[in-house]
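Starting from the known structure of chain Y, fit chains U, Z, L and A with the ligands onto it as the hints suggest.
First to last, the sequence lines map onto chains Y, U, Z, L and A. Following the working numbering, the numbering of the first sequence begins with 794 at its first residue and continues without gaps. Following the working numbering, the numbering of the second sequence begins with 1421 at its first residue and continues without gaps. Following the working numbering, the numbering of the third sequence begins with 52 at its first residue and continues without gaps. Following the working numbering, the numbering of the fourth sequence begins with 78 at its first residue and continues without gaps. Following the working numbering, the numbering of the fifth sequence begins with 1210 at its first residue and continues without gaps.
In case anyone wonders, no lab produced these hints; they're calculated from the structure. C-beta atoms are modelled at their ideal positions from N, C-alpha and C, and glycine is treated no differently. One thing to keep in mind: the hints can contain errors.
As the list claims (entries may be wrong) - Pairs of lysine to any residue, SDA-like flavour, derived with a Cα cap of 20 Å:
id	chain 1	residue 1	chain 2	residue 2
1	Z	LYS82	A	SER1344
2	L	LYS99	Y	PRO1084
3	Y	LYS1015	Y	GLY997
4	L	LYS116	L	SER79
5	U	LYS1647	U	ILE1522
6	L	LYS99	Y	LEU875
7	A	LYS1349	Z	LYS122
8	Z	LYS82	Y	GLU931
9	Z	LYS152	Y	LEU952
10	A	LYS1215	U	ALA1434
11	Z	LYS64	Y	LEU875
12	L	LYS86	L	VAL161
13	Y	LYS976	Z	ARG57
14	A	LYS1215	A	GLU1354
15	Y	LYS1075	Y	SER1054
16	L	LYS158	L	TYR121
17	Y	LYS1081	Z	THR145
18	U	LYS1647	U	ALA1434
19	A	LYS1215	U	PHE1436
20	Z	LYS53	U	TYR1725
21	Y	LYS976	Z	GLY56
22	Z	LYS53	Z	LEU74
23	A	LYS1352	U	ILE1477
24	U	LYS1647	A	LYS1352
25	U	LYS1424	U	ILE1522
26	L	LYS103	Y	ARG970
27	Y	LYS1075	Z	THR145
28	A	LYS1215	U	SER1481
What the hints assert, rightly or not - Short derived list, chain Z residues pointing at chain Y, Cβ under 7 Å:
id	residue
29	LYS53
30	PRO55
31	VAL59
32	GLU87
33	GLY88
34	CYS136
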Amino acid sequence: MNFEVPIGPQHPIHVEPLMLRLKVEGELIVDADVDVSYIHRGIEKALELRPYIQGLYLVERICGICNAAQSLCYCLNVEQLLGKEAPPRARYLRIVVEELSRIHSHLLWLGHYLHTLGFETLFMYFWRDRERVMDMLELITGNRVTTAYNTIGGVRRDLPPGAEQKLRRTLDYIEERVRYYEKVIDSEPTILARTQRVGILKPGDAVRMGVTGPHLRASGIKHDVRLDDPYSGHDEIPFNVITWDTCDCYARVKVRLRETSECVNMIRYALDHMPSGDYRLKIPPFFKAPPGESLSRVEAPRGELVHYSISDGGDRPYRYRVRTPTLANLLSVVEMLRSRGDYEVYIADVPAILGGIDPCICCSARILITDEAKKRRMITTLDDIIRFSRGRRVERR
Amino acid sequence: MIEKILATVFFPGAIFILAVSLFYEWVDRKLYARFQNRVGPHLAGPFGLFQPIADLIKLLSKEDIVPMATDRFLFTLTPILAPALILFACMFLPVAGPSGIISFEGDLIAVIALLSIYTITVYLAGEGSNNRFASVGAVRAAVQLLGYEIPLTLSLLSVALAAGSLSIRGIVEAQAERGLWFIAGIQAIGFAIFIIASQAEMERIPFDIPEAEQEIVAGWEVEYSGKRLALFRLSKDLELFLLSGLGAAVFLGGPIGPVIPGLEPMLYTIYFILKSIIVLAIFTLVRALFARLRIDQMVSFSWRYLMPPAMILIILTEVIM
Amino acid sequence: MKVPGRLVAEALKSLFRRRATILYPYRELDKVHLPEGFRGRIEFDRSKCIGCQLCFRVCPAKAIEIVDDEKGKRPIFYIYRCIYCAQCAEVCPTKAISMSKIFENIALRKEDMVVR
Amino acid sequence: MSEEGLLRKITERFGDKIIEAKVLGKRRVSILVSPDAYKDVVRYAAQDLGLEFLSCLSGVDRGDSLEVVVHLGYSMHVLIKTRVSKDDPAVDSITDILPAASLYEREIHDLLGIAFKGHPNLKRIFLPEDWPEGVYPLRKDYSPEHPKPLRGGEAV
Amino acid sequence: MGLVEKLVRKCRARSPWILLFDTGACNACDIEIAACLTPRYDVERFGVLAKGSPRHADILVITGPVTRQVRDRLIRIYEQMPEPKYVVAAGTCATSGGVYWGCYNTYPSLDSVIPVHAYVSGCPVKPEAILRAISVLVEKIEKGEA
Ligand code: SF4
Ligand code: SF4
Ligand code: SF4
Ligand code: SF4
Ligand code: SF4
Ligand code: SF4
Ligand code: SF4
Ligand code: SF4
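Just chain Y, same shape as in the assembly (with noise of 0.2 Å):
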């Protein structure tokens, strides 16, 4: 049996669509493929098209969850074409709302990961814990989850006041939870069960396909742009980069989770030492920038993000061009789906590999089959192909 397997693009909570391809036949993937186009906008393009002002915006819209990180690349890029550095302030807050919706990234992440587990009651509860977070950003931000913070020059707003105690609980309370989920995902054989020596990605393989972030890291690379390449006073905030080597989907919660209290340990360092001074600089809202070119990079909850800009000197980028990190992972689930030589890949370990490396596109779960045999196509979910494939192997036995 020889047909091909897409899936996507569809999934009801959480969802961007993406289809794989698998060409599989029998249990066997033979090749993948990989089609984002389903959330292609063409954002570089229009990018061109607009003030740098107004580009900002936009930026931060090429992804909901790192909005943060967005716009502080971008806001990083431009203030490199223009030759100007934000005060020391602003590059605190700026740690501190990066840092917050770190910590809403990963926690997204956890619960999204467990309940791909089928662990719902988890699911809720890193939601719920979530969801002070959220406050978090909107009391400071003034938005859950579009924050607007970064502007070109620094912050947009001082912290509110009382904003800092109520920071402060806030971590507390989920360092505590994080602590505590810790335990019970690190004693729970069902989870267990469906993650340790699951998707196994080796450091060198990592290396080799570009990968990023957390997902890196959980391969036992230390690399950090936050650590290598300091771009918003890293340099002066100690904290520690968590590595883990196991490199299968157990050791990409392991760092999430660990990263999280890291980030609350970070805000808290940032909010001892927080400068005095002007958050902001006078920056007008349309200018043009000198011509040349600038790369910022950033360290976003999903792992680097790059921005390249050109400028010829006018009111709008010429070329603006934006790597995402999710793109940079995917390319690992491509490689890692397809069996070459000794290295097999089955149906069955297709929702371990990508579920490990990113819940999202393993939720954008709507499969297509074309049956080249009887020359049917059916929608169908992962969850399905799922069964399918456990069965398969069962039935083998």
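Chains U, Z, L and A with the ligands in isolation, oriented as in the chain Y frame:
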């Protein structure tokens, strides 16, 4: 005769059972939500009590779609067959008195058999929708059956052995005679096995493998909509009632309890409902505590951890008797 | 140590703990988290506006249209296009635009979502 | 390794194949090479200088020519660029050196129309299947219908 | 209006099952809708269940501008839903394309593709706003106006 028919149709027969099982779905959803620190349904009727009914009526009122590729015969038959089977099995439960509406020596076996036939109906439902993955999802249900059926049967049989009777009535009366429920004693192991195996029978976490999570009602159900889906949901609720009732009858003494003379029939029902809600709460708790296993893990789990204790249990019961 | 069902204590506790849910649309409106500085629906004070069109030029979502009325050029805000960035409020020289705390921007027809 | 040191190493090794080499800023280095040496430079940087991590690959329409930019390195960020003419643009694929490049090369092929010689699977990735052939959205001569200011709430 | 019809309407209003479809959104709206399912907001209160199959859903919740590729799929999913069905456009993108003007790959708005019954503006929509939108729609259904 008339009385018998009335009993079958109304109390404690079909209508009553349907109502109670819808109520059980509400209890299940509400408790599950509470375990997760949520509220759960609360707008439909007082405390959301009518939520399952609202779901049901809504589904019944929806457009009826029969996709082209399906096998019309199976697509029509299975949604009717599935609730009918379980409803029939529910007739054996001692809801209003120590014996069910139908009762004979060996009816425990009949219930177990009906459950297996139900799984086969599910299998046919998947096949009938003629959707590759629906049908394979159905195959998963059948594979899972191999995992849990024997432990489930063994756990029930060991109770039957202890009671010296293969009828539910006999088991209930044996408990009444001793004044001790079977859960007190070595049959507690049997109860644990029963809980886990029923969880698999009902396709709930951690064994909801053939059934998707509650949000993605997929698998064998994926092509069914409207009325047909309503009937399948109904059979799920009935199954919930059947298994928690069975657990209550066999392990918790069924409808027997302290009696106020003259009020027996009512008290019987109340005791039965209360006890089965306890079993239901345990089902719900289990659902809240675990991640889903994969089917290979599920099968090896039940052969490794369910089968041996069940075997030992039945030998022990034999020895003690 | 592997203990299955470690969450049981937490789950049972939640059974008796206060629900985390806010019974929002029908009750407990006051519990909705709406801090100072929340960016909700635009509020526009027509009398303050001087018609400089800065808001129009800066709006990243093209949610603003400039029309001529008796006083000169004045903006109209199409809420269904607005992305709540508050950039217009930030640039407006006379602070004629402000962000209210109205977050329920719901309409059954688009035409209902306009601020003049 | 300092920025200048790195540049020196590469210029010494490849001589006049290097058209332009400059330091853009802290940990940022940019090198423009001729297309025939492009792959060798990338190989040298990745395998001999230890910049084995490909973080990005960009394509730029430079007006009369198309540019491919390779972003290499974890801490040090090296941009290796090469330019090809707009008629029949093609460069060597670097997927055999850096497998990470495969998705990016497809992206550039899709959006800018640069062919990568030796790419194993140069298929469409972002654009819809019904997108017209030969139209590349990121080229400067393509401009999407630019909505004019609003009238009655709708872009016209 | 007959009693049966009244009952049916009431039941429909109390059991709106939703299907979420992302037509190219930035995820922020998606996660806010996902947040609606979690303890703080808990849409199950209204009897809402998130479904995966269009065959089971009553309300289609759309986030994001409609991209060119997703358009046909969207129409197909809409057609797969059994009547009566409703569509909610959640977020500025879905109501009007919002910030994505000038993107060559998006359609101007959702209602140019399929009929829409309720619009929720917000970027992203606050979960409360989604709850409110559902309750508004539900009231309309109950009255038989939508
Ligand atoms: S598993 Fe999928 S549907 Fe469920 S919350 Fe996650 S992304 Fe959403
Ligand atoms: S970021 Fe990438 S996927 Fe998104 S619109 Fe731009 S080119 Fe397309
Ligand atoms: S990884 Fe990319 S797409 Fe995902 S949230 Fe971050 S920026 Fe957005
Ligand atoms: S499709 Fe996969 S990831 Fe999504 S909910 Fe189902 S099991 Fe989880
Ligand atoms: S893969 Fe990343 S960008 Fe995509 S939906 Fe998931 S978190 Fe968002
Ligand atoms: S808030 Fe932003 S999107 Fe809305 S009208 Fe003002 S500038 Fe435009
Ligand atoms: S910026 Fe303010 S003053 Fe100027 S046109 Fe807009 S509302 Fe009027
Ligand atoms: S409305 Fe805003 S937050 Fe929602 S999908 Fe669109 S851009 Fe993202």
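### Message
For a quick check of understanding: which of the numbered hints are violated here, in increasing order?
### Response
Violated hints: 4, 5, 7, 10, 11, 12, 15, 17, 19, 22, 24, 26, 31; rest satisfied.
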